[in-house]
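For reference, the chains in residue letters:
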Amino acid sequence: MTKKAKKWIRFRVTAVSILFIVLFVGLLSRALQLQVISGKTLKALAEKQHTKNLVLYPERKMILDRNGQKLAVTVEADSIYADPSKITEPRSVSRDLARACNADRREVEKDLSKRGSFCWIARQVSPNQKQQVEALNIDGVHVIREPKRFYPHKDLACHILGFAGVDSTGLEGLELEYEKYLKSIPRKVLWGRDARGKRIYLGDNDSEKLMPGEDTGCHLILTIDSRIQYMVELRLKEAVELKEAKGGTAIVMDTCTGEILALANYPSFNPNTFTKYSPELLRNRAVTDCFDPGSVFKPFVVAAALEEGVVSESDTIDCENGSYIVGDRVIHEAQYKKHKKLLLPDVLKYSSNIGAVKVAEKLGKKRLYEYMQAFGFGSKTEIDLPGEVGGIVRDPGNWRPVDFATMAFGQGISVTAIQLVTAISAIANKGILMKPHLVKGLVDKEGKVIKEFHPTAVKRVISPVTADRITSILTNVVEGDDGTGKRAQIANVSVAGKTGTSQKFDRALQKYSSKKVITSFIGFFPADNPRITVYVMLDEPKKDRWGGMAAAPVFRDISEQILTCFNKDIELKRVADRGIEREMKIIEVSASGNFYGADNEIRRIGLNSPVPDFTGMSIREVIRAAHDLNISIRTAGNGWAVNQTVIPGKDNEETCITVFFNNEIR
Amino acid sequence: MAAPSSEKNGKPDIMLLFVTLILVSVGMVMIYSASFIIAQDRFGDEYHFLKKQILFGLAGLILMITLSNFPYHMWKKLAYPGILVSFILLFLLIIPGFGAKVGGATRWLKAGPVTFQVSEAVKIAVVIFMAYYMTKKADHVKEFFRIAFIPLSITSIVVALILMQPDFGTAVIILAVVMCMYFIAGGRIIHLTALLAAAFPLAFALVVRESYRLERLMAFRNPWKDPSDTGFQIIQSFISFGSGGTFGVGLGNSMQKLFYLPEPHTDFILSVIAEEGGFVGVAIVISLFTILIIRGFWISFRAPEAFGMLLAAGLTVLLALEGFINMAAVMGLIPTKGLALPFLSYGGTSLIVSMAAVGILLNISTYEAGSQGTN
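Those sequence lines, one after another, are chains D and U. With the first sequence counted from 1, adding 546 to any position gets you our numbering. With the second sequence counted from 1, adding 60 to any position gets you our numbering.
Hints may contain errors.
[Unchecked claim] Cut-off 25 Å, straight-line C-alpha distance, at most; resulting in silico cross-link-like pairs (DSS-like, lysine-lysine): (1) LYS883(D) - LYS1088(D); (2) LYS981(D) - LYS926(D); (3) LYS136(U) - LYS549(D); (4) LYS552(D) - LYS196(U); (5) LYS700(D) - LYS676(D); (6) LYS197(U) - LYS553(D); (7) LYS71(U) - LYS552(D); (8) LYS552(D) - LYS136(U); (9) LYS884(D) - LYS1032(D); (10) LYS553(D) - LYS136(U); (11) LYS1050(D) - LYS1061(D); (12) LYS196(U) - LYS553(D); (13) LYS1050(D) - LYS792(D); (14) LYS136(U) - LYS550(D); (15) LYS981(D) - LYS726(D); (16) LYS71(U) - LYS136(U); (17) LYS196(U) - LYS550(D); (18) LYS553(D) - LYS71(U); (19) LYS694(D) - LYS822(D); (20) LYS549(D) - LYS196(U); (21) LYS549(D) - LYS197(U); (22) LYS137(U) - LYS196(U).
Simulated from the structure, these hints should not be mistaken for laboratory data. These numbers come from a predicted model, not from an experiment.
In isolation and in its complexed conformation, chain D is listed as follows (with noise of 0.2 Å):
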């Protein structure tokens, strides 16, 4: 072998080695480009791949009457979920599972022919149900628990809590109102996966960052009594039926603090299955829908002519003999009564018409709108449920003659059944005008007190005297044995009232039906020391359309019932009388001392609190709650809880849980 020879080679050897230098050269900058340069891009791809962010939510909070009473909790509802990517034959199991679910099998089989590793198939399903799919025992169909919103007394106060969806949201009444206490903030948690949908945990550091907020709910207190509110239910739906009414509405409420103890509405829904019901019956139309209010709102024409000193007890009102002319229209009495001249009270005992327009022009427009802002009409009460409305009180600017001379007993203008009963409890409370409300406190899960919401007064409208002496006339329509309220009477106490009958405006004829009425009764008692105000309305009654013949008695009825039942438990305090003048702001007339009886019983609840699901909690996660709530423990095996000895939410008789961890949460 040559000398020449061995160069060339060498030469060669240099030349193909430079060859792969430049190749793996070319290997670093292809790794720079894809690591450094378009990193940021591929690892976004990678994030989204790997991780799926999981929102826990906390259980949803209670809500409990002013006795402690449960009206909305949270138990667990067993849901039906599927991985499609599993399911080789969508078309059987789809019929299998809507079969099983009572699901659409169109549905079920669209979601299953998706691409992805997850779809619901049936949420919160019977245990009927759930036996059913896991007997079909087809691989890729599971079954999780998940909380779900239940009211154990089904209709009971269902206008007032509304409900909650089946994710645990709230969406009507104060299940939407007071959705941030109820709902605790829910805890994110970012959870690995694999490529086969596996969750994966990221380890501690990253999760627990990922977890603002421990359980921040508050269960809610009202100021409901569900043994008045179930009472006035009662009471109403018979009313409503026996009457033959479309509808109807009650309220009952604390005369001087502004808490409702009651408010129904019927027909009435059960929130379990508020979806089966049209919207319309889930509204709480108390608050919502507003009507003409008709003669209940003449007492307020005349404690505003009685406040203004345009007239007094003793002037007498010439009613006309049954016809007055106004601008173009002639004004009658309910019934065309004729009544020549009327004692000022009188024009309220026989609930004139004519007596109260001439009230009320005496009064003026001015003055007259300026009294009905006062008592609230025309703008919301301000009540802690959603949706309310304010009535449509027009501007005087725009009052024809005879829209003034209507308005006086209560036609023209719009009210809602919150607004006449926090109104009429302006009077019954000395003038002074209260924020109604439903919300006593909120408790947090050890039962500590976290807010109160105290009685709130919003102005004063009429002098305390006016108030007592359009009282005593109020008293006289109830006591008096030929006054309209006559039907409202209660043996040894004294009630205050007044009858309505108004007409409602029909929109197809563009005028006021002589058919279709609203009959009301609105009063309070005891007549010399109100505490309780209560409102009847029904609506469109077929007999008895006249209000002290439909409406008074089914007040009558809730009164003596809650006088007879409820006797130590309405001693409720008198508003603080310090001379407040009117119109001015005040926020807070009378501090409650007892707050809704005992400290001890919001601790009761706390402290009863049921098993807690474990489901998912590391081991110390585990032993702090179980700690934290004192029940004794056990722990099996590593990794995650999957399974306890004592079904969550059930009350602990067991001296020792187990809980199971296993490495892997499916």
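Using the hints, position chain U against chain D.
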């Protein structure tokens, strides 16, 4: 032809040994990291692959040390028998019953409890044959028939047998190594061009005939076009690289090995390294390979005579090509080939054969050209 100076007057290339051992160790760690989930999933033993790879590594180490003490010119005598045994073994694979079919290809030969990948060993046999043949015919280097036709025919038979497994990647590597060695030995460029021209239509026909190869090619050209099927592997590999970024997610923290990457511990081991070690990790691996091949070519450069030079160059080209093809494939530069990354990928035959190649290189490195006093 003058006998080479057979005195061992140099020490084995410590740098080469060192780099090899580092690569093998990195491979062990990364195989465990990449495979423990899959091993747990498939065999219920997270150490399944690691244990086997450690055994292979020990076998490889013993073989490497043995061969580093085995005078390299003795391989001349084994050149023809080697190629003959290769023929036989490759032929046996075709006979049903002998080969172990894995994933549609028959690449493994069963011998009792041991299975081994014939073509891995065949590569070495071809390199030794080429080195010997080209040295022997050094004087006829310009004659096409003697210097090109014979090795071409032998290689063609080997390649044809390998293609029948089928193992397209190994066939390509053997062809490329043969051409490199032919070039280094002084073969004419025109012969090489002719060889290439002959090989290209054949390769094209093979690619078009086997639909999966075409799919792989198309996937390589635009993997994002269909990320769920053909392009899936390469996109997952890209994502691994991107996910690792500059410094990586940390050893053991790869998410891509959780069934996103098809074969995280074998073909896509670099993707796992890229994710866990980031660009830094990949740069280290590429650098180690670069050092390894530079040392290999340096050994060839300094070898005392033509056989040693060609043998060292051939073995180095073999390792360099395997490394390059695997790394380029996982980075989407060339179609995915299903070839192992020497020293790093899981796989017994590949590791043992690669270490054996290093053993031969180490032996060559102990002979220095300078001792002959040619200067």
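Failing hints, ascending?
-> Of the numbered hints given earlier, the structure breaks none, since each of them holds.
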